[in-house]
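Use these hints to put chain P onto chain F, whose structure you have.
From first to last, the protein sequence lines stand for chains F and P.
Heads up: the first sequence is residues 294 to 654, going by the numbering used here.
Heads up: the second sequence is residues 294 to 654, going by the numbering used here.
Read the hints as simulated data drawn from the structure, not as lab findings.
All clues given are correct.
If you want the footprint, here are the derived chain P segments under chain F, 3+ residues with CB under 8 Å:
hint : region
1    : 325–339
2    : 410–416
3    : 603–613
4    : 635–641
Here are the simulated SDA-like pairs of lysine to any residue, each with C-alpha atoms no more than 25 Å apart in a straight line:
hint : chain 1 : residue 1 : chain 2 : residue 2
5    : F       : Lys408    : P       : Pro631
6    : F       : Lys638    : P       : Pro400
7    : F       : Lys408    : P       : Arg572
8    : F       : Lys638    : P       : Gln428
9    : P       : Lys408    : F       : Arg568
10   : F       : Lys408    : P       : Arg568
11   : F       : Lys408    : P       : Arg573
12   : F       : Lys638    : P       : Ser401
13   : P       : Lys638    : F       : Val421
14   : P       : Lys591    : F       : Gly392
15   : P       : Lys408    : F       : Thr619
16   : P       : Lys638    : F       : Ser401
17   : F       : Lys408    : P       : His416
18   : P       : Lys638    : F       : Arg439
19   : P       : Lys408    : F       : Arg572
20   : P       : Lys408    : F       : Ser565
21   : F       : Lys408    : P       : Val529
22   : P       : Lys408    : F       : Gln627
23   : F       : Lys408    : P       : Leu629
24   : F       : Lys408    : P       : Pro630
25   : F       : Lys638    : P       : Phe426
26   : P       : Lys408    : F       : Asp616
27   : F       : Lys638    : P       : Pro441
28   : F       : Lys638    : P       : Thr435
29   : P       : Lys638    : F       : Ala370
30   : P       : Lys638    : F       : Gln428
31   : F       : Lys408    : P       : Ser565
32   : P       : Lys638    : F       : Glu431
33   : F       : Lys408    : P       : Thr619
34   : F       : Lys638    : P       : Tyr440
35   : P       : Lys601    : F       : Met314
Beta carbons are placed, not taken as given, at the ideal position from N, Cα and C, and that holds for glycine.
Protein chains: 2
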Amino acid sequence: MRQGVLERYRELLEITPNTPMISMGEGSTPLVRSRFIENEVGCAELYFKLEGCNPSGSFKDRGMVMAVAKAIEDGSAAIMCASTGNTSASAAAYGAYCGLTTIVLVPSGDVAAGKMAQALAYHPRILVVNGTFDQALEMVRTFTQRYPVTLVNSLNPHRLEGQKTAAFEIVDDLGDAPDFLFIPVGNAGNITAYWRGFSQYADLGRAETLPRMMGYQAEGAAPIVRGEPIAEPSTVASAIRIGNPASWQQALTARDQSGGVIDSVTDDEILSAYRMLSRREGIFAEPASAASVAGVIKFSGQLDLAGKRVVCVITGSGLKDPDLATQNIDMSLQELPPELWAMEKVLEEVVQGTLSLGPKA
Amino acid sequence: MRQGVLERYRELLEITPNTPMISMGEGSTPLVRSRFIENEVGCAELYFKLEGCNPSGSFKDRGMVMAVAKAIEDGSAAIMCASTGNTSASAAAYGAYCGLTTIVLVPSGDVAAGKMAQALAYHPRILVVNGTFDQALEMVRTFTQRYPVTLVNSLNPHRLEGQKTAAFEIVDDLGDAPDFLFIPVGNAGNITAYWRGFSQYADLGRAETLPRMMGYQAEGAAPIVRGEPIAEPSTVASAIRIGNPASWQQALTARDQSGGVIDSVTDDEILSAYRMLSRREGIFAEPASAASVAGVIKFSGQLDLAGKRVVCVITGSGLKDPDLATQNIDMSLQELPPELWAMEKVLEEVVQGTLSLGPKA
Numbered sequence: 294m295r296q297g298v299l300e301r302y303r304e305l306l307e308i309t310p311n312t313p314m315i316s317m318g319e320g321s322t323p324l325v326r327s328r329f330i331e332n333e334v335g336c337a338e339l340y341f342k343l344e345g346c347n348p349s350g351s352f353k354d355r356g357m358v359m360a361v362a363k364a365i366e367d368g369s370a371a372i373m374c375a376s377t378g379n380t381s382a383s384a385a386a387y388g389a390y391c392g393l394t395t396i397v398l399v400p401s402g403d404v405a406a407g408k409m410a411q412a413l414a415y416h417p418r419i420l421v422v423n424g425t426f427d428q429a430l431e432m433v434r435t436f437t438q439r440y441p442v443t444l445v446n447s448l449n450p451h452r453l454e455g456q457k458t459a460a461f462e463i464v465d466d467l468g469d470a471p472d473f474l475f476i477p478v479g480n481a482g483n484i485t486a487y488w489r490g491f492s493q494y495a496d497l498g499r500a501e502t503l504p505r506m507m508g509y510q511a512e513g514a515a516p517i518v519r520g521e522p523i524a525e526p527s528t529v530a531s532a533i534r535i536g537n538p539a540s541w542q543q544a545l546t547a548r549d550q551s552g553g554v555i556d557s558v559t560d561d562e563i564l565s566a567y568r569m570l571s572r573r574e575g576i577f578a579e580p581a582s583a584a585s586v587a588g589v590i591k592f593s594g595q596l597d598l599a600g601k602r603v604v605c606v607i608t609g610s611g612l613k614d615p616d617l618a619t620q621n622i623d624m625s626l627q628e629l630p631p632e633l634w635a636m637e638k639v640l641e642e643v644v645q646g647t648l649s650l651g652p653k654a
Numbered sequence: 294m295r296q297g298v299l300e301r302y303r304e305l306l307e308i309t310p311n312t313p314m315i316s317m318g319e320g321s322t323p324l325v326r327s328r329f330i331e332n333e334v335g336c337a338e339l340y341f342k343l344e345g346c347n348p349s350g351s352f353k354d355r356g357m358v359m360a361v362a363k364a365i366e367d368g369s370a371a372i373m374c375a376s377t378g379n380t381s382a383s384a385a386a387y388g389a390y391c392g393l394t395t396i397v398l399v400p401s402g403d404v405a406a407g408k409m410a411q412a413l414a415y416h417p418r419i420l421v422v423n424g425t426f427d428q429a430l431e432m433v434r435t436f437t438q439r440y441p442v443t444l445v446n447s448l449n450p451h452r453l454e455g456q457k458t459a460a461f462e463i464v465d466d467l468g469d470a471p472d473f474l475f476i477p478v479g480n481a482g483n484i485t486a487y488w489r490g491f492s493q494y495a496d497l498g499r500a501e502t503l504p505r506m507m508g509y510q511a512e513g514a515a516p517i518v519r520g521e522p523i524a525e526p527s528t529v530a531s532a533i534r535i536g537n538p539a540s541w542q543q544a545l546t547a548r549d550q551s552g553g554v555i556d557s558v559t560d561d562e563i564l565s566a567y568r569m570l571s572r573r574e575g576i577f578a579e580p581a582s583a584a585s586v587a588g589v590i591k592f593s594g595q596l597d598l599a600g601k602r603v604v605c606v607i608t609g610s611g612l613k614d615p616d617l618a619t620q621n622i623d624m625s626l627q628e629l630p631p632e633l634w635a636m637e638k639v640l641e642e643v644v645q646g647t648l649s650l651g652p653k654a
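Excised from the complex, chain F in its bound form (with noise of 0.2 Å):
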């Protein structure tokens, strides 16, 4: 059977033998090779690694399985993180599967019930803090710290061990690593986690590269980049929307070490990319996953990527945002009668035989 991330990469992970061996079957996404962008941007060859197709849509849930593993086997009855995302809707699944009480702060300014759907379904206990994110979450710091109730947000350090399941992955499936690494930079943990990874199987002889780790920020939540802390980061991306990373030195070692790059792209560079993975390489992907896309796109005009191997991190589905996708979109819906005739007017390129697009066989 499929194994989770638990079972498939035990000897690799803080595994004991008194951690469940919990699944709610995270991990082996698939790894889809580019049938447009690679061209584009004139790499030898370019995949995406669909993170979106984890259980609950994202990434999160490799580190949540190691989170919420270690809270049980430490003993913890209820696990607590402020989250109005991803983080919230993983931690509240893998909650639910175990039996755990899960609670979950969100800052008030940010409870928008469409965004939150998912989270809500799991039914976990939600409060809704009158602050701001970052207060929210020195109250999960400090409560977790006083009573029994594990902090999974990704201060909790299996979020990243198990996170770097994804690297291995990648490496298994092409044999070694690629040349260059794409991901979106947001709270910096998953550059980190695949950094971890790629060099961890380096130091096993698993792989025998290193890839250059190529991390993305959105222009106005770049802290990074920038070289200082933004107080109000500003993105349509809101799962980068961070302005104040908590691995961000762990960020810079991972690009200094593999000689890669933190850079920024705009708002508009990522909502082309966020299209274009859509239309060209049928990806509906959460827009801050595009960060990477649009990122291979700048970096291309920049570089020369010929015979190079890339792959570039989707973190999430775009079903998490589908009012975005939406507003991005130009409706431009035709109606017509039931009527053959009418179809045959609208399609009249069919008609005629003159249709311009082909199959790419």
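Frame of chain F, contents of chain P only:
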């Protein structure tokens, strides 16, 4: 590398040397062990087949990859379907990936931007037909017979061929067929495809047994149970809101050959199962998927499942229908000031160490 369904089951599908072996990472979806409902219904083992982990978020991708590959093999430059839901999303995704023109016909009464957000993202050509779904489908049938455009509704025989691979995977994972397969029934294509897959594996000696096929329709859309088409089918589970199933006879054959059942569940039973799935198993499914779970709960009240191995098919992601998630949740969000004392007061049971729910290790 993880293979798509065409590669993985190549010798059991109609693959020729000219079939393009496309894949967007469909198939090889998780089979997750139940941790709550298994005990509730009293069977030996209960598993959920999470088809929402497919790239477009539903089981349709298995059949669509086959239909689109065959369309390309046959030299078609365009694909066409009538749909407002999972079929149009899957068709538009694979159409975009392969550079095929995708034309989606939508009956005007059914154009809800939220529900269509995903299909819209892939930017197919959308024609709104001022008529019923049946009229739209009839236009697709006539048009695709007359012009070189491939119909990819489930009338396309390659669709069911691709969908049978889910049955192969269940046997590959469990080592044999389960005793019971519970599955939602709308157009009845999926129950037909699963039965074909289980039967083929048994014929080949890859499975020793065959499952009893347990199909569940929604009470307001239960033509097979009633024995006559329903003019105006009605149910909260939109993906199985079908009044005159295309694979009606094949579904009866699957039922009768397997010693199974085709029964109905009420919308209340579906919504109760939908909530139980997310709150107790951490699985956020589309409402139609919950019909299979409602079915096993209903059936367990009629017959003893002791010692039996059961699989429930979870056809698609709950992210497909976020409005329903928020409608069906009591949004009892507690507000509090950003102060530790306020949280200690609200979480009194944690502070006093009397938290009732414990982990299931």
